[in-house]
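Asks: Residue strings, one per chain:
There are 2 protein chains.
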Amino acid sequence: MENFTDFVLTCPLPLEQYPQVLMAHGGGGKLMNQLISQMFAPTFQSTWHQSTLSQVIQHDAVALNLPNNKIAFTTDSYVIKPLFFPGGNIGSLAVYGTVNDLAMSGALPLYLSVGFIIEEGLPMETLWQIVQAMQKAAQETGVQIITGDTKVVDRGKGDGIFINTAGIGIIEHDQIIAPPAVQVGDRLLLSGDIGRHGIAVMAQRQGLELETVITSDCAPLSNTVQALLTAGVKIHCLRDLTRGGLASAVNEIATVAGVDIHLEAGAIAVREDVQGACEILGFDPLYVANEGRFIAFVPADYADQALAILQKFNPDQNASIIGEVVSHSQGKSGLVTMTSQIGTSRIVDMLSGEQLPRIC
Amino acid sequence: MENFTDFVLTCPLPLEQYPQVLMAHGGGGKLMNQLISQMFAPTFQSTWHQSTLSQVIQHDAVALNLPNNKIAFTTDSYVIKPLFFPGGNIGSLAVYGTVNDLAMSGALPLYLSVGFIIEEGLPMETLWQIVQAMQKAAQETGVQIITGDTKVVDRGKGDGIFINTAGIGIIEHDQIIAPPAVQVGDRLLLSGDIGRHGIAVMAQRQGLELETVITSDCAPLSNTVQALLTAGVKIHCLRDLTRGGLASAVNEIATVAGVDIHLEAGAIAVREDVQGACEILGFDPLYVANEGRFIAFVPADYADQALAILQKFNPDQNASIIGEVVSHSQGKSGLVTMTSQIGTSRIVDMLSGEQLPRIC
Chain A
278 MENFTDFVLT
288 CPLPLEQYPQ
298 VLMAHGGGGK
308 LMNQLISQMF
318 APTFQSTWHQ
328 STLSQVIQHD
338 AVALNLPNNK
348 IAFTTDSYVI
358 KPLFFPGGNI
368 GSLAVYGTVN
378 DLAMSGALPL
388 YLSVGFIIEE
398 GLPMETLWQI
408 VQAMQKAAQE
418 TGVQIITGDT
428 KVVDRGKGDG
438 IFINTAGIGI
448 IEHDQIIAPP
458 AVQVGDRLLL
468 SGDIGRHGIA
478 VMAQRQGLEL
488 ETVITSDCAP
498 LSNTVQALLT
508 AGVKIHCLRD
518 LTRGGLASAV
528 NEIATVAGVD
538 IHLEAGAIAV
548 REDVQGACEI
558 LGFDPLYVAN
568 EGRFIAFVPA
578 DYADQALAIL
588 QKFNPDQNAS
598 IIGEVVSHSQ
608 GKSGLVTMTS
618 QIGTSRIVDM
628 LSGEQLPRIC
Chain B
278 MENFTDFVLT
288 CPLPLEQYPQ
298 VLMAHGGGGK
308 LMNQLISQMF
318 APTFQSTWHQ
328 STLSQVIQHD
338 AVALNLPNNK
348 IAFTTDSYVI
358 KPLFFPGGNI
368 GSLAVYGTVN
378 DLAMSGALPL
388 YLSVGFIIEE
398 GLPMETLWQI
408 VQAMQKAAQE
418 TGVQIITGDT
428 KVVDRGKGDG
438 IFINTAGIGI
448 IEHDQIIAPP
458 AVQVGDRLLL
468 SGDIGRHGIA
478 VMAQRQGLEL
488 ETVITSDCAP
498 LSNTVQALLT
508 AGVKIHCLRD
518 LTRGGLASAV
528 NEIATVAGVD
538 IHLEAGAIAV
548 REDVQGACEI
558 LGFDPLYVAN
568 EGRFIAFVPA
578 DYADQALAIL
588 QKFNPDQNAS
598 IIGEVVSHSQ
608 GKSGLVTMTS
618 QIGTSRIVDM
628 LSGEQLPRIC
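Sequences listed follow chains A and B, in order. Sequential numbering of the first sequence, starting at 278, is according to my numbering. Sequential numbering of the second sequence, starting at 278, is according to my numbering.
Keep in mind the hints are simulated off the structure, nothing from the lab. Be careful, since some hints might not be right.
You can't tell identical chains apart in this list, so a pair holds if it fits in one copy or across any two.
Derived BS3-like pairs (lysine-lysine); straight-line CA-CA distance at most 25 Å [claimed, not checked]:
#, residue 1, residue 2
1, K413, K609
2, K358, K434
3, K358, K413
4, K358, K347
5, K358, K307
Small disclaimer: the values here were computed from a predicted structure and weren't measured.
Chain A with its partners taken away, still in its complex shape (with noise of 0.2 Å):
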């Protein structure tokens, strides 16, 4: 509960008077148009488009008029345990996780829609914390949240709120930025860091006390790739790497673009207190979940100007290149190798099972 400073507005409903969720706050009724017109419209308001603003309250679809009719479409749902954690919490996580994933696509996230599922009980100054950290992180990466839907289940049957968004971004350029793309001789990068994410939201669930509090690398990563973009980098592939972390993202592409693809453990970057808790949780950083932290195919002749844009866009991350796409010389393609620092080679294989659920 670190990250409450930022939210100094009173809740626009009074508390006295309904101090949790009730399930009539679902119903379809007055107190579901009271949540709706005195908590969730005027918050998003600013990031809506005056025109669409009256659209949004009155009707159940919003109308958009696009600035072209090449888009991507994207969704999740986030069912984040506990709901606050060091550097986050639920909201921002749900509007930079579906911004990221437009992102990943080469496109420019424009739209969210949003969906609360609550549970009966849930006090209502959490709900307005987690509504102001959505509108926040909206008008950080530029988006307008402009429909959206409520939901309330019964005391016992959710845990707290799950939230689903989704997202409509436009695609200016003409690359294809897909796992097909990648080509051997393809440089892979990493954008900062990794294992932050996962190991912020294990030692808040499991009251791990650390030398230094970690923090989330939960961020929105649509403006570097912009960058990247807006520079001229040629890029084949995109991901960022949620649930399954690097190891399983680079797996995924590798199996699908139908290559090789060799890391070098020394360039990959894990602060020191990350490690320390990976060892004591028992995980290895390269398959825990990052929020803010992305890969990146680009041909080799792009590789530097790409790390360049990378560093300058988050100086303190660490971004690096980790690693090429190479041609493989056995049988099976979509395998991953990993030279240790010590000069090993061994296998990085996919995630199997579950490792960290409930960390997005």
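Based on the hints, put chain B in the right spot on chain A.
Replies: Below, chain B without anything else, positioned relative to chain A:
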């Protein structure tokens, strides 16, 4: 569980190995990949453009080329209890509901995203039936389920399955179809008999033994709306009669449009068995949710043409003209009144508090 006769396909996942959904099915590793690649992708595939299919499986966001750049965007989460009810299940509801929201803005529904929040332990066979129902509903309405997300929450922290769908439709006409367009003199049409969905769900939930099984009206509305538009009917506003029922929808529109609305009780169709069940359960059908009924505000000159189209599309639903928009002589606008079948007049207020929780 009446409506399973359509589901003849065998679950593509080995049920003896995974009879229930595990936390790992949402963990970002091999089991989640298996669920997506063996169940979701092949099932939804037939609604996908071949070109988008590969992108969906391999990437977070899907890229779309829309036929034009004027779109409608909406979202809804579905938390209905029980998951299966006479006439449908949470899967068909999640497709029809969002398709209908798009249709109500006069858009042609094209694409859906789907976000599953599954409680650990949900029988895999149940998930499979729901997924098939979604696919069937998507085919029926001509929409494509093109991107998705899967989360699994701990046993006791959800309620079987919650589903979010977000939808994109294109707007091919130049009419403004929204509450502010409603004018004094407009006729109000109702597409069919009301109250069936809410009563079907409540009867199922409470184990009510009725003489006849009341079947939900759960159905897509997009074809009917497209027929109205294609025929050149001028439409001022459309609204589907979900949570809060007919009374809440009419009240909301009256308030936003700043008009009064007068209804004729005798013109509003309620089936005898629904009326009987409402009396047993203590509900007023005017406030009971529907999932396949809508109202349309049209200029008086278009009322008969519109009614003929509604009746032609659904000859057994008793579509009718149920009222008219009137000017208000009192200081406060937004008043909804109704003349009863014996000639008395009363105010129809908005639903206050909860009446039927979790019916969608």
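Asks: May I ask which of the numbered hints given earlier this structure violates, with the numbers listed in increasing order?
Replies: The structure conflicts with hints 1 and 4, although it agrees with all the remaining ones.
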